[in-house]
Structure formats: C-alpha cells, structure tokens
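Student: Residue numbers (this note's numbering), protein chains in the order written: chain F, 47 to 156; chain U, 48 to 159.
Do not take every clue at face value.
Unchecked claim - With a straight-line Cα cutoff of 27 Å, these simulated BS3-like cross-link-like pairs (lysine-lysine) come out:
id: 1; chain 1: U; residue 1: 117; chain 2: F; residue 2: 151
id: 2; chain 1: U; residue 1: 56; chain 2: F; residue 2: 151
id: 3; chain 1: F; residue 1: 143; chain 2: U; residue 2: 117
id: 4; chain 1: U; residue 1: 61; chain 2: F; residue 2: 143
As the list claims (entries may be wrong) - Residues from chain U shown here face chain F by an in silico Cβ test under 10 Å; the list is partial:
id: 5; residue: 59
id: 6; residue: 82
id: 7; residue: 88
id: 8; residue: 91
id: 9; residue: 95
id: 10; residue: 99
id: 11; residue: 106
id: 12; residue: 108
id: 13; residue: 110
id: 14; residue: 146
id: 15; residue: 148
id: 16; residue: 150
id: 17; residue: 155
id: 18; residue: 156
What the hints assert, rightly or not - The following label-pair restraints were derived from C-beta to C-beta distances:
id: 19; chain 1: F; residue 1: 72; chain 2: U; residue 2: 147; range: 17 to 25 Å
id: 20; chain 1: U; residue 1: 146; chain 2: F; residue 2: 85; range: 20 to 28 Å
id: 21; chain 1: U; residue 1: 122; chain 2: F; residue 2: 101; range: 37 to 45 Å
id: 22; chain 1: U; residue 1: 147; chain 2: F; residue 2: 73; range: 18 to 26 Å
id: 23; chain 1: U; residue 1: 99; chain 2: F; residue 2: 101; range: 36 to 44 Å
id: 24; chain 1: F; residue 1: 122; chain 2: U; residue 2: 133; range: 37 to 45 Å
id: 25; chain 1: F; residue 1: 122; chain 2: U; residue 2: 65; range: 30 to 38 Å
id: 26; chain 1: U; residue 1: 64; chain 2: F; residue 2: 76; range: 35 to 43 Å
id: 27; chain 1: F; residue 1: 90; chain 2: U; residue 2: 117; range: 24 to 32 Å
id: 28; chain 1: F; residue 1: 106; chain 2: U; residue 2: 77; range: 27 to 35 Å
id: 29; chain 1: U; residue 1: 159; chain 2: F; residue 2: 98; range: 47 to 55 Å
Just so you know, the hints here were simulated from the structure itself, not pulled from any lab data.
Just so it is clear, CB atoms sit at the ideal spot from N, CA and C, and this is done for glycine as well.
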Amino acid sequence: KNEVEQSPQNLTAQEGEFITINCSYSVGISALHWLQQHPGGGIVSLFMLSSGKKKHGRLIATINIQEKHSSLHITASHPRDSAVYICAVRSQGGSEKLVFGKGTKLTVNP
Amino acid sequence: DGGITQSPKYLFRKEGQNVTLSCEQNLNHDAMYWYRQDPGQGLRLIYYSQIVNDFQKGDIAEGYSVSREKKESFPLTVTSAQKNPTAFYLCATSQWAADTIYFGEGSWLTVV
C-alpha cells in the first residue's frame, strides 16, 4: 500500500463545476504539499499545509491531521485548471524526503 | 528572473552512454533535489543536497551520480549502469526542508 493515496485518479468536469480531489496518507507528517503539473511537465507548488485550511483565489486546501486526510477544492472550474494535481507529504522527524501520490488528472471541458 | 533552469528539455541517449542533466537556480536556496517520474507513478527521489560539497542518496540512486560544487548548480549524471533510464527528470529546490518546494520544467530522457 502506498503511503500517499489520491482519489480519484481521473476526473472530468464541465466548466463552472466545483471540484474536489482527495489525499489520504498513512504516516505522521510535518507538512503536506499540493502541486499542479502542467501538460508540458512543469510543476508548480499550490499549497503547503500543516493544519487547517488555506485559500488562494479559486483554490482551497484543507487538512485533517487526526484523520490523515487532505482535500483540494477548485471553485468555478475553468478549462485552464486542466492539469495533474499531486499530493506530497513530508514525514515527521525532519526528513528531507517528500513522498508523492500518483496524481489526479483533471480535465475541465468548456 | 528568479527560478530554476533545467537543460536540456529533451535528450536522447544511446545505450552505454553517460549523459548529464543540468540544474541551475538563482533563488539562493540551500536544498536541491533530483526526482524521476515514470508514467502512472509518483515522483521518486534520486539524490538531494542540503549544502555545497555534500549530497545524500534518495530512494533510487543506483545508476546515477551528482555533484554540488556550487550552491547554484546540481547536475545529475545518468550513467550506463542505469538499466532503465527513459523517464522524466525533475530538479527542485527549497530554502530548507520544511519550506515550499520549487520545481524546474523537467527534462525528458529517452534511450535509443
């Protein structure tokens, strides 16, 4: 079993829909990252969370440490949001290593 | 502009050859990382460095080598010992382990 599980693997939505991507992990963590990978391959960091909730524009990320679960929400989705969204966790203890989920491929149709 | 520059974007290697992927950053970050991405897989750590002249093996270091002679540069050499080198390679940096991580645009390596 992977330490980081994302769901769904693939997601297709219509423009304007509310999107939720989930991430569950099995280890104690010091931080969780949400990343966005564009079709060309480049990756952009969206959020780094250790507790609670963060919002940036139409993106909202939440984390529940007790349940070892995080969600990424996209409000009023747009075709330009089409990308692969990746969850990654850094284990407790100051480890240099991030453990990555396999990603969720989001396609938003106009 | 501040950022991370990886080159080349596309690289073809003949079997038995070593190739070197370049990663340069002007963010003044201490930590630099190399990851490998295969289709349907999460990113996997090859090597990382927290300080000049020091680096550590990641989860899949076999067949790879790195150097960190300058803070700005962390080149990755894919040696002939790496039996399945065709993949997408990503360089990343952060100010320290607990900070936001920044990625380069990646390099596609294909063995021909």
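Student: Are there hints from earlier that the structure breaks, and if so, what are their numbers?
Tutor: Structure breaks hints 1, 4, 5, 10, 12, 13, 18, 25.
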